[in-house]
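Trainee: Sequences and hints are given; from them, build the entire structure.
The numbers in full-length UniProt numbering rise by one with no breaks, and the one at position 65 of the sequence shown is 65.
If you are wondering where the hints come from, they were derived from the structure by calculation, not from laboratory data.
Because the structure is a prediction, the values reported are computed rather than measured.
Accuracy of the hints is not assured; some may be wrong.
[Unchecked claim] Here are the in silico distance ranges between beta carbons for each label pair: (1) Gly20 / Arg65: 17 to 27 Å; (2) Thr73 / Ser50: 14 to 24 Å; (3) Cys78 / Pro51: 33 to 43 Å; (4) Pro46 / Glu86: 16 to 26 Å; (5) Arg87 / Thr47: 11 to 21 Å; (6) Ser50 / Gln79: 31 to 41 Å; (7) Cys28 / Met70: 16 to 26 Å; (8) Asn32 / Ser52: 34 to 44 Å; (9) Gly20 / Ala64: 16 to 26 Å; (10) Asn32 / Ala83: 30 to 40 Å; (11) Ser27 / Glu86: 28 to 38 Å; (12) Pro57 / Ser29: 27 to 37 Å; (13) Tyr25 / Ser50: 17 to 27 Å; (14) Gly54 / Asn32: 34 to 44 Å.
Even for Gly, the Cβ is constructed at its ideal location relative to N, Cα and C.
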Amino acid sequence: MSVLLHRCRTCQHPADWHDGRNRGYTSCSCCNAGSADPDPEPVVQPTFASPSGGPEPLLRPGTARNEGTMHATRTCACQRCQAVYERLDPVRLSEVGRLT
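Mentor: Pasting the structure below:
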């Protein structure tokens, strides 16, 4: 499922890659230092259905992801993510990248 996320302004990786439980999955020194500088503007991280290749729906902010696994997370539920989500059609992701 596609999600809204915040990128680190230093390395451009998702800000949650800097969390302690995610460190070590990348060779990025910024991520491994755990010192994210999150951009307050969320971006769409699209995912695509197989085999059609069509965009998957956008998860609502605050939704649990990968429940029951070691990669369980919750999508960001900040006010900015809520506002961007409300502007987007959650089924069709025609706008990808920085949203303003």
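Trainee: Against each hint, give a clear statement of whether it holds in the structure.
Mentor: We went through each hint and held it up to the structure:
1. Distance hint check for Gly20 and Arg65: the Cβ-Cβ separation is about 18 Å, which falls inside the suggested range of 17 to 27 Å.
2. Look at Thr73 against Ser50: about 22 Å separates their beta carbons, and that is inside 14 to 24 Å.
3. Here the CB-CB span from Cys78 to Pro51 is close to 35 Å, well matched to the stated 33 to 43 Å.
4. As the Cβ distance of Pro46 to Glu86 is approximately 18 Å, the hint placing it in 16 to 26 Å holds.
5. Distance hint for Arg87 and Thr47: a CB-CB separation of about 19 Å, consistent with the stated range 11 to 21 Å.
6. Our hint of 31 to 41 Å for Ser50 and Gln79 holds, since their Cβ atoms are close to 34 Å apart.
7. At about 20 Å, the CB distance of Cys28 to Met70 agrees with the hint of 16 to 26 Å.
8. Checked against the hint of 34 to 44 Å, the pair Asn32 and Ser52 passes, with Cβ atoms roughly 37 Å apart.
9. In this structure, Gly20 and Ala64 meet the distance hint of 16 to 26 Å, their C-beta atoms being roughly 20 Å apart.
10. Asn32 and Ala83 have their C-beta atoms about 32 Å apart, which keeps the hinted 30 to 40 Å range intact.
11. In this structure, Ser27 and Glu86 meet the distance hint of 28 to 38 Å, their C-beta atoms being roughly 37 Å apart.
12. A beta carbon spacing of about 35 Å between Pro57 and Ser29 agrees with the range 27 to 37 Å that was offered as a hint.
13. Restraint check, Tyr25 to Ser50: a C-beta distance of roughly 23 Å satisfies the suggested window 17 to 27 Å.
14. Our hint of 34 to 44 Å for Gly54 and Asn32 holds, since their Cβ atoms are close to 35 Å apart.
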